[in-house]
Amino acid sequence: MATTIIETGGLTRSYGDICALKPLDLQVPEGEWLSVMGHSGSGKSTLMNLVGGLDRPSAGSLMVGGEDLLALSEDGLARFRREFVGIIFQQHHLVPYLTAVENVMLAQYFHSVPDEAEARSALERVGLGHRLKNRPGELSGGEQQRVCIARAIINSPKLLLGDEPTGNLDHKSTVMIMELLKELRAEERFTVVMVTHNQEVAAWGDRTIYLDDGVLVREERTNS
Amino acid sequence: MLFRILKNSFLKRPKAVLLIFLSITMGAAVATAFLGISGEISHKMALELRSYGANILLEPSAVEGGFLREEDLPKIKTVFWKYNITGFTPYLFSIAEFSAGGKKERGVVSGTWFAKQLEVPGEDSSIQGIKGIAPWWEVQGRWPEDAAEAIIGAALAKRLNVVAGGDVTTIVRGRSQQFRIVGVVTTGGYEEEQLFAPLVTVQSLLQLPGKVSRVLVSALTVPMDDFGKKDPATMSKDEYEKWYCTAYVTSVAKNVEEVMAGSRAKPIWQIASAEGALLKKLNSVMLLLTVLALGASATAVSTSLMASMAERSPEIALMKAVGADRFQISAIFVGETLLISMAGGVVGYLLGDQLAEVISRTVFSSTIVSPLWLFPTAIISALSVAIAGSVVPLRRALLIEPVRVLKG
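Here the protein sequences come in this chain order: A and B. Residue numbers for the first sequence follow the numbering used here, so the first one is 11 and each next one is one higher. Residue numbers for the second sequence follow the numbering used here, so the first one is 1064 and each next one is one higher.
So here's chain B without its partners, still in its complex pose:
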């Protein structure tokens, strides 16, 4: 009988049913789309944010004589979090005296990788170096391709009055090396006071073969929370395992430190915390938008149901007059709303999935794969909207007095 009542009620009031269905569908679609792309957005944004620079600094620990070994660097691509490490580059630097065209200036000479093809047994080949982890550097000219080529920071170039195509002689502790300047680099930072040359050349100049002073690592990490900020030394075994297996910047740093002999890895907090704060805010905004969309949807459902209840008050009064109690009245109207919301949830999921795809293609130029949990989430969202939207109208329905509505 309940099915007959629901079926006939739907068929006789198609406009009201359609309105409620659309309200629920829109809510479920927006929730599905937002939740579907929120994970993707976090990932994509994290990738975009990697262009802000490295977030882990690897330095020699004091007991190892002040240098790391270049031969250990490929191990960075073998660690547990290797797929989260988007790039790294080593540096070997020293104070040097530069001369060009009769001018002499003091500055810093840095040996580094610009775009080194790195082959690690058992791992995919990758390109590592400054070009990858500092994409905001602007080079007027080109990047060095030869052992005797270098790029020079804009401030140092100005002081030496040198441009791309010129030569600079670099002198460190009585040893000199002439570099052909192939580019002038603008970074907006301290790098503009340096000359960057291939690592191997600077190692030779400094007589430090196979040595590096520091390594900058760029890694995809999750925002730090209270647990992530805990000192691993004070953690229980289970806590340590959980911390180690979460891509906090601290746990990734620890992971890298373990494979680099004599190293100490430190998060670069201004980068890591800025990223974390941004990602956290982004997730909060997505969640807030989802809640607002569901709230708006519930309000629309409530308004539609209120109008529907007003229209159907004689019917409700009659049901009460012939003996329906509050549970039986609720069962009919909640049943109607739940059936509509189930349909709205399914259609909303399909629409939301497509919407997420469109957003992903438009904003990130990539496709996304909806996670499995999204379908039940869409249905639960639709049911939540329906239940939230039904509370006030149902209360009104239960307060209807047959004697007032059915008189005369």
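Pulled out of the complex, with its shape left as it was, chain A reads as follows:
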């Protein structure tokens, strides 16, 4: 039986009077690909931010990889993010004045020691071996997303989080990115939590949960 990597109990996040995530009980086994679906404002990004240690819950418990995230300090959460989590953003969020390889090395730098050869290898794995020295402005949306993926996996995270990673891509690029993620997951065996509002993208996961107004309303197994 697989170990549980994410476990929440009554996890809640409020912003003033607005409750973005109502008490949520969730378990994610290690190695699972979980898709989180819902409309805009349903609380799916809030959940991802909490699980990734980017935000703090208002109430409840949150264990990720054996770490009680509520007990961690600001710098403790930073350490958790760099050692345990890889994040792929919808807007890519690459540093504009660094090249593709330097953007990947940035994550290495904050984690431990930058290794250019390793960063090149990561970019080659995502099919960008020919774009190492290009800056984000010189790359297409799909290419930028692949740099983002290389940066997310460079430190061998246990948990890969995706916040609408294909939200800005066309269908062809979306399929390429999803296939790439599937390959990488098979090799690296990380757990994936992917927020999306695209049913087709959600179908790449093992399980999909549906949030509505901050409440888990449904979940289903997929046959990817």
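Simulated from the structure, these hints should not be mistaken for lab results. Mixed in with the good hints there might be a few duds.
Here are the computed lysine to aspartate or glutamate pairs in the EDC-like style, where the Cα-Cα straight-line distance is at most 20 Å [said to hold, decoys possible]: (1) Lys-1070/B <-> Glu-126/A; (2) Lys-1221/B <-> Glu-1186/B; (3) Lys-1167/B <-> Glu-1255/B; (4) Lys-1317/B <-> Asp-1135/B; (5) Lys-1140/B <-> Glu-1168/B; (6) Lys-1075/B <-> Asp-27/A; (7) Lys-1221/B <-> Glu-1321/B; (8) Lys-1274/B <-> Glu-1304/B; (9) Lys-32/A <-> Glu-229/A; (10) Lys-1470/B <-> Glu-230/A; (11) Lys-168/A <-> Glu-193/A; (12) Lys-1470/B <-> Glu-229/A; (13) Lys-1145/B <-> Glu-1255/B; (14) Lys-1070/B <-> Asp-125/A; (15) Lys-1329/B <-> Asp-1301/B.
Sample of chain A residues at the chain B side, in silico, Cβ under 8 Å [what the hints assert, rightly or not]: (16) Ala-88; (17) Arg-91; (18) Leu-108; (19) Pro-124; (20) Gly-139; (21) Leu-142; (22) Lys-168.
Each pair of labels, with its calculated beta carbon distance range [stated by the list, open to error]: (23) Gly-139/A <-> Val-1354/B: 52 to 58 Å; (24) Ser-131/A <-> Val-1354/B: 51 to 57 Å; (25) Arg-1459/B <-> Asn-144/A: 27 to 33 Å; (26) Ser-68/A <-> Glu-1374/B: 53 to 59 Å.
Quick reminder that beta carbons are idealized off the backbone N, C-alpha and C, glycines included.
For this one, chain A is given, so just place chain B on it according to the hints.
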């Protein structure tokens, strides 16, 4: 990696970097210039202030019969503080009766040096006398050049109705001496009631050869502080040494007193304290201007960095999201600012050095030599400006929440 981040950050944001660089450079330049000329200004101002008159009075001590010896005077130029003594002049005076054109008046006859060439073995030749230590005296006519020539105070001249070119007979205890008046002197003080004649002539008139009543000494001194005001008799050996080797007016007076047999040297406090207060205020103003310049510079740096931080908040948020802790974020932004400040410090030093030179030439018509400590001071000033200017922007940067900045 840090170097790559810094290098690329500089190259991609040249305007922001230039603005911070200029702010730091200006601060360092002004600090360098002010600190560079402050020492020079104190020295020059002290020299200028010497025109206010002598600041040390040398009188006979009571036990020596009321007179000093003229032959001891050259020793004043041999003392430890000889280079600080800018001039001195002896006086021998007496109440006298003056007559001119049938008029008779009582007044004071003073024998003195006007501009005596003084040769001291082993020392540079110098000119000593009233002309040097009382440059504010206004003489209508000319200074005496002969033993029987004199200048007369304006008030006494008026009472005797005498002008330059006239003769005045001076009578002291039945002995008389006729002087040709070659100038009428206006000082605005008690000197206007006196007749000034060569010392040797008055010594002869008073039958006091080689004697002087008092000596006025003009010396460059440092402002008095609490330590300088302490009584030397109560000082420990080390304290006395420190006091003696500091150019307080009291220690210079003591130094002069030691070489003049039977003398007692007293600071002329109204001159010494006025000078001290002025120099102290001048130094305070220079320091205040320096601090204000650095403060303005730090504010400019802070404003530029705040704008830069606002522009770079997505970058900072991203760094935090991928795991940068507060130390790592600080290292990048403080590193950037310190590198700029080092460059600003070097350029600021070079500019400030030139600025100090220009100020010195314009105000004092002289060049200055920058002290060695000025370069590290400029660098430290620049670093201080950078650090002071970085505190608030860095705090803001550390408070950036990735989840708010990176959403959607």
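Quick rundown of the hints versus the structure:
no.	hint	result
1	Lys-1070/B <-> Glu-126/A	holds (17 Å)
2	Lys-1221/B <-> Glu-1186/B	violated (43 Å)
3	Lys-1167/B <-> Glu-1255/B	holds (17 Å)
4	Lys-1317/B <-> Asp-1135/B	holds (16 Å)
5	Lys-1140/B <-> Glu-1168/B	violated (38 Å)
6	Lys-1075/B <-> Asp-27/A	violated (42 Å)
7	Lys-1221/B <-> Glu-1321/B	violated (42 Å)
8	Lys-1274/B <-> Glu-1304/B	violated (33 Å)
9	Lys-32/A <-> Glu-229/A	holds (16 Å)
10	Lys-1470/B <-> Glu-230/A	violated (27 Å)
11	Lys-168/A <-> Glu-193/A	holds (15 Å)
12	Lys-1470/B <-> Glu-229/A	violated (25 Å)
13	Lys-1145/B <-> Glu-1255/B	violated (31 Å)
14	Lys-1070/B <-> Asp-125/A	holds (18 Å)
15	Lys-1329/B <-> Asp-1301/B	violated (23 Å)
16	Ala-88	holds (4 Å)
17	Arg-91	holds (4 Å)
18	Leu-108	holds (6 Å)
19	Pro-124	holds (4 Å)
20	Gly-139	violated (20 Å)
21	Leu-142	violated (14 Å)
22	Lys-168	violated (13 Å)
23	Gly-139/A <-> Val-1354/B: 52 to 58 Å	holds (57 Å)
24	Ser-131/A <-> Val-1354/B: 51 to 57 Å	holds (55 Å)
25	Arg-1459/B <-> Asn-144/A: 27 to 33 Å	holds (32 Å)
26	Ser-68/A <-> Glu-1374/B: 53 to 59 Å	violated (32 Å)
This entry does not satisfy hints 2, 5, 6, 7, 8, 10, 12, 13, 15, 20, 21, 22 and 26, going by the numbered hints stated previously.
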